[in-house]
Amino acid sequence: MGSAATPMAPKARGTLSAVAPVSKSNHNSENFRLSNGLKDFLWLISDVENGRLLDLGQVSQATLNFFIERGFRVTTDDMLRSWKEFRRAEEENQRNAPPSDFNEPLSPEEIAQHFLRNSLQYPDDEFNAVLVWDIFDRLDAGLLSQVANRLYEIVHPGGAVLAVFHSKTPDRTYRYRIVDNQTIEIVPIGPVGGQVRIFQNREILNLFSRFRSAKTFVGRDQLREGLFIK
Amino acid sequence: MWRKQPEGKPSPSATPAAPGAFAPPYSPPAQKSTPSSSALPAPIAPSVPAYSAPSPEPAVLTQGIRIRGDVTGKADLFIDGDVQGSIRLGESRLTVGPSGHVKADIEAREIHIRGTVEGNLRGRERIILGNSCHVKGDLESPRVAIEDGAQFKGRVEMGPVADARERQNKRTASAAPPAATTTTSASTPTSEPIEAQRGSH
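In order, the protein sequences belong to chains A and B. With our numbering, the residue at position 74 of the first sequence is 74, and numbering never jumps. For our numbering, add 1000 to where a residue sits in the second sequence, where the first one is 1.
Check before you lean on any hint, since a few could be wrong.
[What the hints assert, rightly or not] When the alpha-carbon atoms are kept at most 25 angstroms apart in a straight line, the in silico DMTMM-like pairs for lysine to aspartate or glutamate are as follows: (1) K1136/B with E153/A; (2) K39/A with E49/A; (3) K1103/B with D78/A; (4) K1136/B with E69/A; (5) K1153/B with D180/A; (6) K1136/B with D78/A; (7) K1153/B with E92/A; (8) K1153/B with E185/A; (9) K1153/B with E91/A; (10) K84/A with D1138/B.
Hints were generated in silico from the structure; no laboratory data involved.
Could you build the full structure based on these sequences and the hints that come with them?
Structure follows, in structure tokens:
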């Protein structure tokens, strides 16, 4: 694509798993977490010049500033919200549709395909880095593999994806902010709306099997970080 | 009872505007004083000067107003209605209120969004996305402030936004030192919007 991205140094193939200690770092609030996944993610993209980053979570001023100050062009796409709005609209259409043999309910896969026609429509190899946060925990099953595949396509070869997975059902919904090179702030913003899927490590690796390298970090705070390199 | 208007001396409202003077917004048309009007009472001198500077309050498109087309001007503008097309306010400030729905590319000195906007935003000085906003489009401005709760989908580019005239000015005054600016560190998370500035490279 148009980005003059410097290819990242190749990381060793394979799968690693490490325990990331939960630390309050220099911050007092328990919402701050030391993130080894973030640390590695930033190291992987540290050589990229004029890079492009896609943040698939809720827009955050802190995260935006963090990457823009490092020369990235940042694109924000609150995918989970888009998905929820799409589902709501679909359900509304189904309710309002006149009874007919032609108005059969769509399968989850078909709904996912409809959604992805207008979502994540970025050019292939567009981004050097993608922040996924915990959206995979909340997406419908029919969408998971298609989103993972689409992510693979839009990431530049050598680019990195950082995702977060809950290893225990959370009691709240969270917003994530990057505070510094190794600290993520996890801000509770409300009750859990809808189902939350808990992935096993193997499921995560299968989902991102197209990526050249996968690495997961298990925290003591019920969060698992996944770092995937194309 | 009424003081008669001296002949040959037009009433204040009929005085032609001095060069450079501004007519007040929404002022009624001036009445001509004719000889036959001598029977009528002369206009009372208004307590407010007829030709005052324009009010600093922005022009307002309230709820229920719908505009399709291009909006251009030099005054600040508050939109709480529905606009489709394009908005170019040059050196002025645009505010889209909570009830505002705008489907347009926007260019202004300062853009503050609290409603719904679909289009690309170019703010010469800053763009502020309020916590009630829904914005779909790309942002380009030296400063972008996003409040918690803002819904935004698009690309953000922080850097100087220059038009053709500014680029020309920069070429002619390239030796001038850059203006001092305040940069707030982004490393301190807060619920308040943080402004950041990325200097030109």
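With a cut-off of 25 angstroms on the C-alpha distance, tell me whether K1153/B and E185/A pass.
21 angstroms, holds
Taken at face value, is the distance from the CA of D78/A to the CA of K1103/B at most 25 angstroms?
Holds. K1103/B to D78/A sits at ~20 angstroms (cutoff 25 angstroms).
25 angstroms Cα cutoff - pair K84/A, D1138/B
22 angstroms, holds
Between K1153/B and E91/A, does the CA-CA distance stay at or below 25 angstroms?
23 angstroms, holds
Take a quick look at whether K1136/B and D78/A sit within 25 angstroms of each other, Cα to Cα.
Holds, at roughly 10 angstroms.
Do the alpha carbons of K1153/B and E92/A lie within 25 angstroms of each other, as the hint requires?
23 angstroms, holds
Quick one, are K1153/B and D180/A close enough, alpha carbons at most 25 angstroms?
23 angstroms, holds
Checking one constraint from the list: CA of K1136/B to CA of E153/A, max 25 angstroms. Satisfied?
23 angstroms, holds
K1136/B and E69/A were given as a pair; does the straight-line alpha-carbon distance stay at or below 25 angstroms?
Holds, at roughly 23 angstroms.
Pair hint K39/A and E49/A, alpha-carbon separation not exceeding 25 angstroms:
Answer holds: K39/A to E49/A is near 18 angstroms, not above 25 angstroms.
In summary, this structure violates none of the numbered hints.
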